[in-house]
Amino acid sequence: MLRKNLFFKVILVGLSLGFILDLTAKFWGEFIWFEEVNYLSVFQGRLLIEVGLALLGLLITVAWLMGNLVIARRYRYLSQDLQNKPPDHLFDLSHQNLPRFSLGLPSLLMLVMGFSLLLGLIIIHYSQIFISYWHWDSSQPLFSKLPAQFEPQIFEQWIKNFKDYSWKIPVLVILVISILWNSLIVFSFIALIFGFGFSLLLSSHWANFLQYFYPTSFNQVEPLLNRDISFYIFSLPIAHLLEFWVIGLFSVSFITCSLIYLLSGNSLSQGRFPSFSQPQQRHLHGLAGLLMFSCAMRYWLARYELLYSTQGVVFGADFTDINVLKPGYLLLSIIALFLSVFLIWQSLFSVKKVRPYIDIFLRKIGVLSLIKNRNSRRDKLFADSYSLRVIFTWYLGLSLLVVSIIPNLVQQFIVQPNELERELPYIKHSIKYTRQGFNLDKINVETFDPNAKLSYTDIQNNNLTIDNIRLWDKRPLLQTNRQLQQIRLYYEFSDADYDRYSILPDKFLGKFNTGLQKQQVLIAPRELNYELVPEKAKTWVNEHLVYTHGYGFTLSPVNRVAEGGLPEFFVKNIGADPQLDPDTTLEVSPRIKNIIPIGKPRLYYGLLTNTQIMTSTQVKELDFPLGNENVYNIYDGEGGIIIGTGWKRFLFAYYLKNWQMLFTDNFTPETKLLFRRNILERVKAIAPFLHYDSNPYLVVADSNFPSVDHNYLYWMIDAYTTSNMYPYSDPEGAGFNYIRNSVKVIVDAYNGKVKFYSLEEDKDPIISTLKQVFPDLFNSIEEMPITLRQHIRYPLDLFSVQSQHLLTYHMSDPIVFYNREDLWRVPVEIYASKQQPMEPYYLIMRLPTEKTEEFMLLLPFTPASRNNLVAWLAARSDLEHYGSLLLYRFPKQRLIFGPEQVEALINQEPEISEQISLWSRQGSRVIQGNLLVIPIEQSLLYVEPLYLEAEENSLPTLVRVIVASENRVVMRPTLEEALRDIFQVPPIQPSAPLNLSQPKPVK
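Residue 43 is where the sequence shown starts when you use the working numbering, and the numbers rise one by one after that.
It is worth saying that the hints were derived from the structure and are not from the lab. Where hints are given, some of them may not hold.
Claimed, not checked - Across the chosen pairs, the derived CB separations fall in these ranges:
(1) Pro265 <-> Val112: 46 to 52 Å
(2) Lys187 <-> Arg524: 35 to 41 Å
(3) Trp176 <-> Arg524: 37 to 43 Å
(4) Val487 <-> Gly557: 31 to 37 Å
(5) Glu892 <-> Pro817: 36 to 42 Å
(6) Pro576 <-> Glu892: 50 to 56 Å
(7) Ser83 <-> Ala874: 31 to 37 Å
(8) Glu712 <-> Gly777: 41 to 47 Å
Stated by the list, open to error - Straight-line distance between alpha carbons at most 27 Å, and here's what the computed BS3-like set of lysine-lysine pairs gives:
(9) Lys474 <-> Lys934
(10) Lys795 <-> Lys813
(11) Lys805 <-> Lys187
(12) Lys560 <-> Lys578
Glycine included, each C-beta is placed from N, C-alpha and C at the ideal position.
Hey, can you work out the whole structure from these sequences and the hints?
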């Protein structure tokens, strides 16, 4: 026995020591990492509130639950107390001494089983939430969603999805058996689970608590409950968390103590149970009073949650919610609060001392004289523990009446017969606040009335727009890159992004020129993906010391085609800038020389850099391949943590569980550890409360930052402040109902430095609050170097969310909205012979009301039931107009061809269909590229590239360009030929050869 106890003690000590070591290593590892990225103050502020909340949740939860277990253990019956007592009713408070037996085995067993099952369901619900917090989805901002309360709707969900939740049945059976076996041990274990669970839950919401202490007013009062919107964004989430906490504490403590009393004294084996003793009654009354207090809190807050209701014709509170449920919740809250005070009073002053006050109350309201027979029935109702059963039964019945029956009757017989009239003001609220939440109310709406007067002269006058028409989509370009530019198996082009650079125009090449023009390009970083390294080469040295970084990028104009139909490259192949290395294999176009800095484009931080690496070791790093050989390098950047010698080496070996760091002989005193190199993981570690765009893009610029070893590569990431607590705003599946692009993040691809830049501070109260919470985290957008600021663009994710909401919420008239008379949809296009929703596309163009071209993001719309164009949305990206949204609506009385109709015209054209059929029969596949709708002057031009690729070893080539205008469709080898043909302009004739007379020979 002693050996067994010693064995368990050793295991317990070992586990405790391991936990302490893990915690210490995590703390110091994170401390040093945040110091390296210069955000130590952010870590310290976060750590303080996180640890405080964790301790608060753990200590209060465990102390409360364990404390009640100690009280219940003290007041429970012992086995000898239940001998030779004749049975009586269950809740008999007339005796201060031990009462007579009252409850038989069937009733006792049913009561114990009922309480046990209810406790099991509560534990399962809360445990699932605790586990979800342990396994956080890093693609989402830090716990933006609040935990779901344990409510009757959960049972409906479990019943509907019984197969998915069938695993709960054996869990409940095991729990019931465990409670019957040894309830105190089981309940103590439950107390620890809830303690650590609430500790994790509360500490995970540290950002919500910090924002609660630094709220910023929205200066707008919500009309139905008359609270500033900041209350819903900053305060209501905290109230919801506290409510979730106290309901869990009070319900579990009440049920566990009730079970301890019911099972005490070997009642099951005796087959009978007496009424609760006086101390037991007072204990249960106190717990029941606190449980009723949590119910009062629940119904009080439920009034505010009506503004997020999904039950009506629109998102948010409707007629029934405001006129029935809102006063009903208030009534239930007041009654629950009264009952809470009443039960706690009974607990503090004993049940008998309450009776005179009840008589006074009944006399005041005139019902005491109606009670002729003051028998024990009234006493049981008001002055003993029988009142618990009555209170819970009547309160549950009243709740069912107020929450379910009456609202359903009102909805069916009052609202539905006059639904539009009743719901009209609430439809207005939903439209208004949804448009505010997604910034749709700031869209400038104008009428665009196309005419048929587009001419070739207009094309020439908009030459910058024409020169930037996107003939190359990222999909065929990436396929080409992977075939021609990947160089080695371990390199990968994971994505290509659209941007614009100011470069030399074509016509000035070879001449003196100081003028630059905007050029839309596709930039694709060449990253090193260690997963693609051959299996036999996957050693510890290669993973951590040799394969450390990617190298270079390709830069392609979107409108240029090289020989053979392949994309033209401004930058291609691999190596350093020719100005730095005359023997390099890198090729740079004359149009960008001395304009776009190339340097030595090493990518130590990126989207595929998921390994930990050690640099400045005795092993040289692979820099890039050069022919049949490799060029090697030693990292000399500012990133990384020096771990060459001393305790840091052991610390990070333990923290990262990379034990070979301790035994390698390749480290030097200057060796650095670079970890958390994935840029999304990196920025989320610093600011997990922001929502990050899914499409970071590479920027090449001389940022005026200290340049180390000629590196000019930066990642730009769009970050959003989001909330799902904006009242009345419909998320439509987005996961949030408020979003602002208030932050731009720059990550140095070589040094790993991260900078957060804030904008729209006066338009976004959330970013204002975050700046108060973390004053050292954000810089003003004006502090961003101008060479980088010129490359900010309207983010695609935000534009897509806004476009999706605009399909419905462009309707501002509530009657039109109710009838869904003017629903829009995103057009369908054909890509690679498959139909797909049209994607937003970047374009350099001149708006009808502007004098110069700018970089914009566009998407057209069609009516929900027709294919003609009804509007197009444009988001402006250039600095002077950044963030402005323009909605151009077409006249409804005119037919403007939509993408589907143009696609039909294209496929009906005999020349085009025959050529596509011919190509498709010869072991090749024709890809119809993205159809672009391009506004020019007061007209529309439609352009679609046509690619050809082999069915095997795909290498897409641009073979034709299709142009449509009005009813005409032409297909030609080049865009210029197609434009000339569609506007019936004679083709450019090749210059006639110059015939010079030959001199006569001299005789």
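Status of the hints after comparison with the structure:
Look at Pro265 against Val112: about 50 Å separates their beta carbons, and that is inside 46 to 52 Å. Between Lys187 and Arg524 the Cβ separation comes to about 38 Å, which falls inside the hinted range of 35 to 41 Å. Between Trp176 and Arg524 the CB atoms are about 39 Å apart, so this pair conforms to the stated range of 37 to 43 Å. Remark: the range hint 31 to 37 Å for Val487 to Gly557 is upheld by a beta-carbon distance near 36 Å.
Under the hint 36 to 42 Å, the C-beta atoms of Glu892 and Pro817, about 38 Å apart, fit the expected range. With their beta carbons about 54 Å apart, Pro576 and Glu892 fall inside the hinted range of 50 to 56 Å. Here the CB-CB span from Ser83 to Ala874 is close to 51 Å, at odds with the stated 31 to 37 Å. In this structure, Glu712 and Gly777 meet the distance hint of 41 to 47 Å, their C-beta atoms being roughly 45 Å apart.
Between Lys474 and Lys934 the alpha-carbon distance is near 24 Å, which keeps this suggested pair within the 27 Å criterion. This hinted pair checks out: Lys795 and Lys813 have alpha carbons roughly 20 Å apart, not beyond 27 Å. Between Lys805 and Lys187, the direct Cα distance comes to roughly 24 Å. Compliance with the 27 Å bound is thereby established for this hinted pair. For a cut-off of 27 Å, the pair hint linking Lys560 to Lys578 is broken: about 47 Å separates their Cα positions.
Comparing the model with each earlier hint shows violations of hints 7 and 12; every other hint is respected.
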